[in-house]
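What follows is the residue order along each chain.
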Amino acid sequence: MKNRLKIIVVCFLLLLFFLLGQTDYVPLKLATTHFRHFFFEMLLFLPCMFVLIGLVDAWLPRSIIEPYIGKSSGFKGSFWIILFAMLQAGPLYGAFPVSVLLWEKGASIRNIFLYLGAFSTLKIPMLTFETGFMGWQFTLLRTLVTLPLFVLIAFLMEFILKKTNFSVVNPKV
Amino acid sequence: MLFFLFTVIVMTISFFSNREKTYFGIKKGFKMFYGIFPDLLFILLATSLMLGFIPEQTIIKYLGDSSGVFGILIVAVIGSVALIPAFIAFPLAAFVMKAGVSIKLLAVFITTLMMVGVITFPLECRYFGFKAAFLRNFFSFIAAILIGLTIGLVL
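The listed protein sequences derive, respectively, from chains R and Y.
Heads up: the first sequence is residues 1 to 173, going by the working numbering.
Heads up: the second sequence is residues 1001 to 1155, going by the working numbering.
Honestly, the hints are just simulated from the structure, not real lab data.
Think of the CB as a built atom: it goes at the ideal place given N, C-alpha and C, for glycine as much as any other residue.
One or more hints might be untrue.
[Stated by the list, open to error] Here are the simulated DSSO-like cross-link-like pairs (lysine-lysine), alpha carbons at most 30 Å apart as the crow flies: (1) R/Lys172 x R/Lys162; (2) R/Lys105 x Y/Lys1021; (3) Y/Lys1028 x R/Lys76; (4) Y/Lys1031 x R/Lys2; (5) R/Lys162 x R/Lys105; (6) R/Lys76 x Y/Lys1131; (7) Y/Lys1031 x Y/Lys1021; (8) Y/Lys1021 x R/Lys162; (9) R/Lys29 x Y/Lys1021; (10) Y/Lys1028 x Y/Lys1131; (11) R/Lys163 x Y/Lys1131; (12) R/Lys76 x R/Lys163; (13) R/Lys172 x Y/Lys1131; (14) R/Lys105 x R/Lys172; (15) R/Lys76 x R/Lys105; (16) Y/Lys1131 x Y/Lys1031; (17) Y/Lys1031 x R/Lys105; (18) R/Lys29 x R/Lys6; (19) R/Lys2 x Y/Lys1027; (20) R/Lys105 x Y/Lys1131; (21) Y/Lys1028 x R/Lys2; (22) Y/Lys1021 x R/Lys172; (23) R/Lys105 x R/Lys163; (24) R/Lys2 x R/Lys105.
[Claimed, not checked] Short derived list, chain Y residues pointing at chain R, Cβ under 8 Å: (25) Phe1003; (26) Val1010; (27) Met1011; (28) Ser1014; (29) Phe1033; (30) Gly1035; (31) Ile1036; (32) Leu1041; (33) Ser1048; (34) Leu1049; (35) Arg1126; (36) Phe1128; (37) Phe1130; (38) Val1154.
Construct all of the structure, not just a fragment, from the sequences and the given hints.
Have a look at this one:
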């Protein structure tokens, strides 16, 4: 579906959603409140994220970043990419476009999935939040158990996908 | 807010270092944002509806009452389908934990929430292809249950 058409469809759904939210039906009222909450979070966060991604792309051409995260770099590259993921923030779908960038810069299949694993479970902003609410024991233990498992997943993904024509691409607009 | 300030600072530094690169970067960033914007709106809409229609008490009830294999599976499925940002999920989890819900279930819930995305699955497919997206979510689902069980054993 063309992007513009999609936007029109979604806008229509949103209009319907908010009109229905005006009624006294509680679940819909709640839903509109949730939506407003998420929307403003997204509106502030995502454009920033994408601008940063764009700037990284402009400033770090393939030749500079490749020694760190490229196919030939092995475990050192994995280390850098996990560190890179930990410093970021936001929901997992924010990591997909970054994966495209990493892929274009020459990251291996293993490192792409190490990035997704570290991004989803080890983001430092999230860890501070987790420590605050769940306690440091929970956070530390979860981190220690999660790390080897997502490393294992990354190796499995590489093992399975390296024989296919796997690639990471931006969705066609 | 901090993140916003950080972005502005980075943009400013970048602008004074090299205008062309900065314009190129910002343009590229917004183009990518535009590309997934409708998908995102749809995700937000679906999540809001779900949170609206499933009352918090119902969620708490199922997290608390069943702690067997069935309970773990239910929690894992809810965590996989739900799209709750960390700043809501952790306070909610802490609240539920005080209500006496087992930490094992919470760990499964939080980990699936982080690693598995059913609602974002179509979007993930468009980036990585169906096979890779499916395998990543499948392995992550199993890993999340293992993580939860381990945390339940230790804590």
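Could you tell me which of the hints above the structure violates, numbers in ascending order?
As far as the earlier hints go, 8, 9 and 37 are violated by this structure, in ascending order.
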